[in-house]
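J.: Could you build all of it, start to finish, from the sequences and the hints given here?
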Amino acid sequence: MSTKARPLTGADTLDLAVTRPRSLWGDAWRRLLRNRAAVAGALVILLYVLVAIFAPLLAPKNPVEQTPRNSLRPPVWVTGNPARQPNPENILGTDNNGRDILSRLIYATRVSLIVGVVPQVLIVAIGVSIGLIAGFASGWLDNLLMRFTEIVASFPDLLFIITLTVAFRETWFGKAFQGLLLIFTALAIVSWTGLARLVRGQVLALKEKEFVEAARALGVPTWVILLRHILPNTLGPIIVAVSFSIPSLILAEAILTFLGVGMRPSVDPNAPFPTSLGQMMTDGFYNLSSGPWMLLFPVLMISLLVLSFTFLGDGLRDALDPRDAGG
Amino acid sequence: MTAYIIRRILWQIPVLVIVGLLTFTIARMTPGGPFDTDPSRRQLSPRVEAVLREKFGMDLPIWRQFTRYMFFDLVTDPKTGERRILWGAIGGNFGPTYASRGARTVQQELFGSRGGKPSRFYYSARLGLQALLFAVTIGVPLGVLAALKQNTWIDYAALFASTFFVSLSTLIVGFLLVIIFATWLPWFTVIPDWNEPIRPWILPTVALGATSLGFITRLTRSSVLEVKRQDYVRTARAKGLGDRLVIWRHMLKNALIPVVTVLGPLAAALITGTLYTEIIFQVPGMGQLLVEAIGKRDYSMIMAGALIFVFFLGMANLLVDIAYGIIDPRISYK
Numbered sequence: 001m002s003t004k005a006r007p008l009t010g011a012d013t014l015d016l017a018v019t020r021p022r023s024l025w026g027d028a029w030r031r032l033l034r035n036r037a038a039v040a041g042a043l044v045i046l047l048y049v050l051v052a053i054f055a056p057l058l059a060p061k062n063p064v065e066q067t068p069r070n071s072l073r074p075p076v077w078v079t080g081n082p083a084r085q086p087n088p089e090n091i092l093g094t095d096n097n098g099r100d101i102l103s104r105l106i107y108a109t110r111v112s113l114i115v116g117v118v119p120q121v122l123i124v125a126i127g128v129s130i131g132l133i134a135g136f137a138s139g140w141l142d143n144l145l146m147r148f149t150e151i152v153a154s155f156p157d158l159l160f161i162i163t164l165t166v167a168f169r170e171t172w173f174g175k176a177f178q179g180l181l182l183i184f185t186a187l188a189i190v191s192w193t194g195l196a197r198l199v200r201g202q203v204l205a206l207k208e209k210e211f212v213e214a215a216r217a218l219g220v221p222t223w224v225i226l227l228r229h230i231l232p233n234t235l236g237p238i239i240v241a242v243s244f245s246i247p248s249l250i251l252a253e254a255i256l257t258f259l260g261v262g263m264r265p266s267v268d269p270n271a272p273f274p275t276s277l278g279q280m281m282t283d284g285f286y287n288l289s290s291g292p293w294m295l296l297f298p299v300l301m302i303s304l305l306v307l308s309f310t311f312l313g314d315g316l317r318d319a320l321d322p323r324d325a326g327g
Numbered sequence: 001m002t003a004y005i006i007r008r009i010l011w012q013i014p015v016l017v018i019v020g021l022l023t024f025t026i027a028r029m030t031p032g033g034p035f036d037t038d039p040s041r042r043q044l045s046p047r048v049e050a051v052l053r054e055k056f057g058m059d060l061p062i063w064r065q066f067t068r069y070m071f072f073d074l075v076t077d078p079k080t081g082e083r084r085i086l087w088g089a090i091g092g093n094f095g096p097t098y099a100s101r102g103a104r105t106v107q108q109e110l111f112g113s114r115g116g117k118p119s120r121f122y123y124s125a126r127l128g129l130q131a132l133l134f135a136v137t138i139g140v141p142l143g144v145l146a147a148l149k150q151n152t153w154i155d156y157a158a159l160f161a162s163t164f165f166v167s168l169s170t171l172i173v174g175f176l177l178v179i180i181f182a183t184w185l186p187w188f189t190v191i192p193d194w195n196e197p198i199r200p201w202i203l204p205t206v207a208l209g210a211t212s213l214g215f216i217t218r219l220t221r222s223s224v225l226e227v228k229r230q231d232y233v234r235t236a237r238a239k240g241l242g243d244r245l246v247i248w249r250h251m252l253k254n255a256l257i258p259v260v261t262v263l264g265p266l267a268a269a270l271i272t273g274t275l276y277t278e279i280i281f282q283v284p285g286m287g288q289l290l291v292e293a294i295g296k297r298d299y300s301m302i303m304a305g306a307l308i309f310v311f312f313l314g315m316a317n318l319l320v321d322i323a324y325g326i327i328d329p330r331i332s333y334k
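Taken in order, these protein sequences are the chains called X and A.
Numbering follows this note's numbering, with no gaps: position 276 of the first sequence is 276.
Numbering follows this note's numbering, with no gaps: position 141 of the second sequence is 141.
Because the hints were derived from the structure by calculation, they are not lab data.
Fair warning: there could be bad hints in the mix.
DEER-style ranges, computed between Cβ atoms [what the hints assert, rightly or not]:
1. Arg47(A) / Pro272(X): 45 to 55 Å
2. Pro272(X) / Gln282(A): 29 to 39 Å
3. Arg229(A) / Asn97(X): 54 to 64 Å
4. Glu170(X) / Phe111(A): 27 to 37 Å
5. Phe111(A) / Gly139(X): 36 to 46 Å
6. Gly242(A) / Arg22(X): 43 to 53 Å
7. Gly194(X) / Gly295(A): 28 to 38 Å
8. Gly295(A) / Asn270(X): 29 to 39 Å
9. Gly295(A) / Gly139(X): 37 to 47 Å
10. Ile327(A) / Ser138(X): 22 to 32 Å
In this text, a Cβ means the ideal position worked out from N, Cα and C, and glycines have one as well.
T.: Have a look at this one:
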């Protein structure tokens with residue numbers, strides 16, 4: 001009687017051996033997909049993006065068309081007040097100028113999304129280059145750059161943005177793109193400091209690592225070390241920082257608009273950006289007693305969007321930096 | 001330690017000067033001046049405007065306008081011909097406001113009481129301090145509780161609420177509070193009566209403190225969780241110390257150190273948060289006045305606002321750093 005000897009080099013062991021090594025990014029991706037809150041957040045964001053892109057197809061009415069006899073209608077399910085009956089054509093009611101709130105909300109998502117994303121280009125460009133240079137240079141240049149960063153950071157950001165937007169509001173720059181260009185720039189000018197400090201810290205830690213030393217020993221020029229060896233290793237924290245700063249930019253637009261220095265609403269029926277959630281909240285706030293729904297709906301819209309970005313950011317942080325997952 | 005504090009206070013001076021210079025430059029670059037009135041109202045006659053310009057020193061060279069505002073200027077009394085020093089912001093003189101055509105100074109507007117009512121500064125400062133107090137007294141115990149009951153419903157509820165508050169910021173929380181408590185539930189009025197002692201303060205304090213509350217809760221929780229696993233806590237338990245003693249003497253003392261450090265940035269958020277919280281809840285504080293001043297190009301008020309904000313911010317950060325050094329003996333300032 002002979003025992004069946006299992007061949008040492010079976011097909012399955014061979015399979016195991018050729019399994020491709022799991023990459024850092026692949027691992028992070030898998031961890032992200034396991035995080036239900038982050039996936040839900042990403043799906044909601046995707047939904048907002050689709051709504052923003054297809055706004056003209058989705059909006060039941062023109063967002064700027066005013067119908068004075070149809071103003072301040074409550075949402076269709078609010079039928080309690082006999083003096084103010086809802087109009088079945090306006091599901092979420094109308095504002096004080098008789099504009100359809102649902103259509104305005106659909107268009108308003110556009111501004112919130114671009115204001116969260118576009119300034120990031122400038123923020124990353126300034127923050128990363130200052131952080132890289134300061135971290136790698138050390139000495140007086142590092143000192144100078146970091147002092148500069150400290151001063152910019154110590155300025156109350158909101159006050160600075162308001163002053164900037166007021167200063168340039170009436171110039172061509174302030175009027176370009178309905179005032180959004182100025183808001184993007186002002187937001188970026190104050191928002192890069194955190195990223196610069198983060199990148200500098202990463203560079204300081206990385207430049208002592210063996211692979212950097214090896215590259216230097218091989219005679220690789222400094223800028224190549226910076227861009228090819230150090231920058232890719234700081235990418236994870238940068239992505240996390242950016243994803244966390246998106247919601248704060250979205251809220252900043254709302255705050256600026258509320259203070260009267262935000263984007264300019266358009267009355268052009270073909271305008272791609274007729275209004276923003278911040279503008280709608282401001283209108284709603286000043287009509288609070290006659291139409292609370294004018295405030296409620298944009299507040300809910302912006303809350304959902306901001307929370308989704310926060311959950312996605314949390315997920316990204318846990319996925320890209322597993323050491324920090326406890327917090 | 002003393003040397004460190006002195007150095008930190010001295011470092012404030014260049015920061016304030018740079019902030020002043022920046023604000024000054026931006027404010028002066030702004031098209032339109034403080035004496036442009038709206039076209040529907042009666043225009044200033046050129047002679048009156050000339051007198052006002054002289055009164056505000058706007059006929060001086062631009063650099064001297066700046067040093068006059070920030071530091072001091074030598075002025076000659078037109079009657080006696082006597083020369084004397086006119087102190088600027090450095091001596092607590094923020095100049096006459098443009099909006100009042102020079103009748104009232106900025107410090108009167110901000111710090112003076114108005115017809116028996118407290119000053120604008122009082123309202124803003126009290127609101128900020130109340131919000132900070134609210135955030136700390138609720139946030140720290142909530143964070144500790146969440147950490148001690150990790151992975152129970154208390155923990156999840158605390159985490160969810162704090163994430164909600166942190167991400168939504170004061171503006172949205174303020175709007176939600178107004179909608180819920182001032183329009184749906186008739187507990188508060190949309191237009192508050194500031195003669196009442198407590199009621200008008202509640203909503204703005206909660207709104208302004210909510211973000212900090214969420215932040216402190218999350219930080220306290222993660223910090224206690226980390227301390228909970230430390231060896232010295234295990235040692236304390238192994239010695240047979242009771243729960244209460246371990247938590248109070250061994251865990252909290254160390255867990256609260258990171259919480260103290262975050263109070264500086266939080267103070268910054270609170271200070272700028274007052275700007276719009278005061279508008280939402282109609283608090284008669286500095287924030288409202290400052291936002292108006294920016295629209296009106298009231299140069300002296302804008303400058304004063306920026307300088308005062310940055311000054312308090314610096315002081316808050318210094319206090320936090322000193323407190324940090326006292327709580328954590330491992331840190332020494334040289």
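J.: Work down the list of hints and note, for each, if the structure agrees.
T.: For each hint, the structure was consulted:
| no. | hint | result |
| --- | --- | --- |
| 1 | Arg47(A) / Pro272(X): 45 to 55 Å | holds (50 Å) |
| 2 | Pro272(X) / Gln282(A): 29 to 39 Å | holds (35 Å) |
| 3 | Arg229(A) / Asn97(X): 54 to 64 Å | holds (59 Å) |
| 4 | Glu170(X) / Phe111(A): 27 to 37 Å | holds (32 Å) |
| 5 | Phe111(A) / Gly139(X): 36 to 46 Å | holds (44 Å) |
| 6 | Gly242(A) / Arg22(X): 43 to 53 Å | holds (47 Å) |
| 7 | Gly194(X) / Gly295(A): 28 to 38 Å | holds (29 Å) |
| 8 | Gly295(A) / Asn270(X): 29 to 39 Å | holds (30 Å) |
| 9 | Gly295(A) / Gly139(X): 37 to 47 Å | holds (45 Å) |
| 10 | Ile327(A) / Ser138(X): 22 to 32 Å | holds (31 Å) |
Going through the hint list in order, the structure satisfies each hint without exception.
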